[in-house]
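Once you've looked at the hints, dock chain B against the given chain A.
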Amino acid sequence: MSAGKPLPRIDDDTRAYWAGCARGELLLQHCRDCGYVQFYQRALCGRCLGAGLEHRPASGRGTIYSFSTVYRPPSPEFKDDVPYTVVLVELAEGPRMISTLVDAAPGTVGLGQAVEVVFDTIAPEVALPRFRRVDPRCTFTPAAP
Amino acid sequence: MGSYTGQVAIVGVGETPVGKVPGKSALWFNAEATRLALADAGIDKHQVDGLLTCPSFVAPFHRMSVAVSEYLGIQPTFSNTVNVSGASAAASVSLAAAAIHAGLAETVVVCCGDNMLSGMTRDLAVKALIESRDPQYEAPFGLLVATTFALTAQRHMAEYGTTREQLARVAVITREHARRKPGAHMTAPLTVDDVLASKSITTPYHMLDCALVSDGGAALVLTSAERARDLRKKPVYLLGAGESYTQEHIFCAESITTTGARISGGKAYAMAGVGPGDIDVAGIYDCFTGTVIMMLEDLGFCKKGEGGPFVEAGHITFGGRIPINTHGGMLSYAHPGLPGGFFHIVEMARQLRGEADGRQVEGADLALCHSLGGGFATNATIILGTEPHA
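First to last, the protein sequences are chains A and B.
Note that the numbering used here has the first sequence beginning at 1, numbered continuously upward.
Note that the numbering used here has the second sequence beginning at 1, numbered continuously upward.
Take these hints with a grain of salt, some might be off.
[What the hints assert, rightly or not] Pairs of lysine to aspartate or glutamate, EDC-like flavour, derived with a Cα cap of 20 Å:
| hint | chain 1 | residue 1 | chain 2 | residue 2 |
| --- | --- | --- | --- | --- |
| 1 | B | K233 | B | E355 |
| 2 | B | K199 | A | D80 |
| 3 | B | K234 | B | E106 |
| 4 | B | K233 | B | D365 |
| 5 | A | K79 | A | D120 |
| 6 | A | K79 | B | D123 |
| 7 | B | K199 | A | D81 |
| 8 | B | K45 | B | D230 |
| 9 | A | K5 | B | D123 |
| 10 | B | K45 | B | E106 |
| 11 | B | K233 | B | E106 |
| 12 | B | K304 | B | E165 |
| 13 | A | K5 | A | D80 |
| 14 | A | K5 | B | E131 |
| 15 | A | K5 | B | D134 |
| 16 | A | K5 | A | E125 |
| 17 | B | K303 | B | D280 |
| 18 | B | K267 | B | D280 |
[Stated by the list, open to error] Residues on chain A that point at chain B, a partial pick, calculated with CB under 7 Å:
| hint | residue |
| --- | --- |
| 19 | M97 |
| 20 | S99 |
| 21 | L128 |
Rather than coming from a laboratory, the hints here were simulated on the basis of the structure.
These numbers come from a predicted model, not from an experiment.
All C-beta atoms in this analysis are idealised placements derived from N, C-alpha and C, irrespective of residue type, glycine included.
Just chain A, same shape as in the assembly (with noise of 0.2 Å):
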């Protein structure tokens, strides 16, 4: 189903990430000089610019931030997988990222619904983060900030 799509290409500051997901464990870098937690991994902090980062795994916890159902795809080897649901994800640690739900059916997809991260394995000791819901019902409307 993934053939011909684009890979995470791997590099010195991605190493530990994906070979955390292919384990199984979305890891969350965190600065021992200031306590930052960042989402997407680099050499520094990207608020102290410290190079003391420590890989934690994340509880794979969080709520759906925001989301859109693509019907068209953005290239053909997506064709097979419309309509799919890419979520920004809140995580329980605070960064936000993107993925797709699994198992989602348009239009039962709401912000602030729980989320829990599943890994889909694309390619040998490539595992994409994914979510799947919790509790598929809408639980919350954001208030103006």
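Showing chain B alone in chain A's frame:
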């Protein structure tokens, strides 16, 4: 060092035919628009000592500004290929003005052209898609550029109660504007129901909520206010400019419903010494309908969250509080990729010169242009006026 408010003027504008214009190259769209802008200004090409353009998706020259200069047979001493995605339009004008003010150049052409409709092959389109999103954290999930903007609209709807109908209304109003502008890519009348019934692309956006894919090019000629006074066209002065670059990834944005446009707009207003209530007409980058609603808020034309009702009340068309995109914008006039935002600036210059036949905002003295890109990663605002001081 003071600001360059009122020190630099747009003295010539040009645009090629837009829409489906087969058989031409990206270089031609740049060069033809520039030829027309120089003729409009009454300036010989040998007086041009600066040239800025943007990259082409179709003809990815490594040195696009140099390739365009060579095509035109000029050898500028100030040149660059500006690439802050959609914000490049207003950002290029701001950069050209800074260069003129600093004495790096006297006469700068700012141009942009591409043929995304006629020249884009499937391979180029896929390449452009993949390269436009992060190869590790976004592209593997099938993230369309449109989806990044759709995420912001979805959240805006949830936070503020913005409706699908209000989004659609932006497309309907700007289509009416395009019908007044000769040569617009799309001129068939449009209703809210048409927009809602068009194919779903990436929720909440349907096909007619999305900018077009066109061919076309636009160019501007800038010089010092002092020189501008002796030229044939009424100068359009640059009174304020501001930019903001808040994040690369949508998932790193602090807010996805309040954007860097607040910062870029604030800086531009401060430099010009004006506020949103003083602006007579505006060109707002309209890659998607919801984008316009959010920009109306962040640029201060209405309160945060009130963009939907503001549009619904008719405030963005002729006779309203702030007519926008009087040429039809990227939703209906033309969107050849990066040139899309340049047409807004050409149109605002025409409005300030009183040349917008059939769509003139009477007594327009102050205009604002806002360009943005990458799911609000980049924002640039400029304020233009008929006089060197607001």
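Evaluation of the provided hints:
A distance of roughly 11 Å separates the Cα atoms of K233 (chain B) and E355 (chain B); the hinted pair therefore holds under the 20 Å criterion. At roughly 17 Å between alpha-carbon atoms, K199 (chain B) and D80 (chain A) fall within 20 Å of each other, so this suggested pair holds. For the proposed pair K234 (chain B) and E106 (chain B), the alpha carbon gap of about 18 Å is at most 20 Å, so the pair holds. A hinted pair counts as satisfied when its Cα atoms are at most 20 Å apart, and K233 (chain B) with D365 (chain B) qualifies at roughly 15 Å.
Simply put, K79 (chain A) and D120 (chain A) have alpha-carbon atoms about 18 Å apart, close enough for the 20 Å limit, and the pair holds. Restraint check for K79 (chain A) and D123 (chain B): satisfied, since their Cα atoms lie roughly 16 Å apart, inside the 20 Å limit. Distance hint between K199 (chain B) and D81 (chain A) is fulfilled; the C-alpha atoms sit about 17 Å from each other, no more than 20 Å. Distance check on the hinted pair: K45 (chain B) and D230 (chain B) sit about 17 Å apart at the alpha-carbon level, within 20 Å; holds.
The straight-line distance between the Cα atoms of K5 (chain A) and D123 (chain B) is roughly 13 Å, inside the 20 Å bound, and the hint therefore holds. The straight-line distance between the Cα atoms of K45 (chain B) and E106 (chain B) is roughly 12 Å, inside the 20 Å bound, and the hint therefore holds. This hinted pair checks out: K233 (chain B) and E106 (chain B) have alpha carbons roughly 17 Å apart, not beyond 20 Å. For the given pair, K304 (chain B) sits about 18 Å from E165 (chain B) by alpha-carbon distance, which is consistent with the 20 Å threshold.
About 12 Å separates the Cα atoms of K5 (chain A) and D80 (chain A), which keeps this hinted pair within 20 Å; it holds. Simply put, K5 (chain A) and E131 (chain B) have alpha-carbon atoms about 13 Å apart, close enough for the 20 Å limit, and the pair holds. Annotation: proposed proximity of K5 (chain A) to D134 (chain B) holds, straight-line Cα distance about 14 Å (limit 20 Å). The suggested pairing of K5 (chain A) with E125 (chain A) holds, with an alpha-carbon distance near 15 Å, which does not exceed 20 Å.
The suggested pairing of K303 (chain B) with D280 (chain B) holds, with an alpha-carbon distance near 18 Å, which does not exceed 20 Å. The straight-line distance between the Cα atoms of K267 (chain B) and D280 (chain B) is roughly 18 Å, inside the 20 Å bound, and the hint therefore holds. A least Cβ separation of about 5 Å between M97 (chain A) and chain B falls short of the 7 Å threshold, and the interface hint therefore holds. The interface hint given for S99 (chain A) is met, as the beta carbon of that residue sits about 6 Å from the closest beta carbon of chain B, less than 7 Å.
The interface hint given for L128 (chain A) is met, as the beta carbon of that residue sits about 6 Å from the closest beta carbon of chain B, less than 7 Å.
Of the numbered hints listed earlier, not one is contradicted by the structure.
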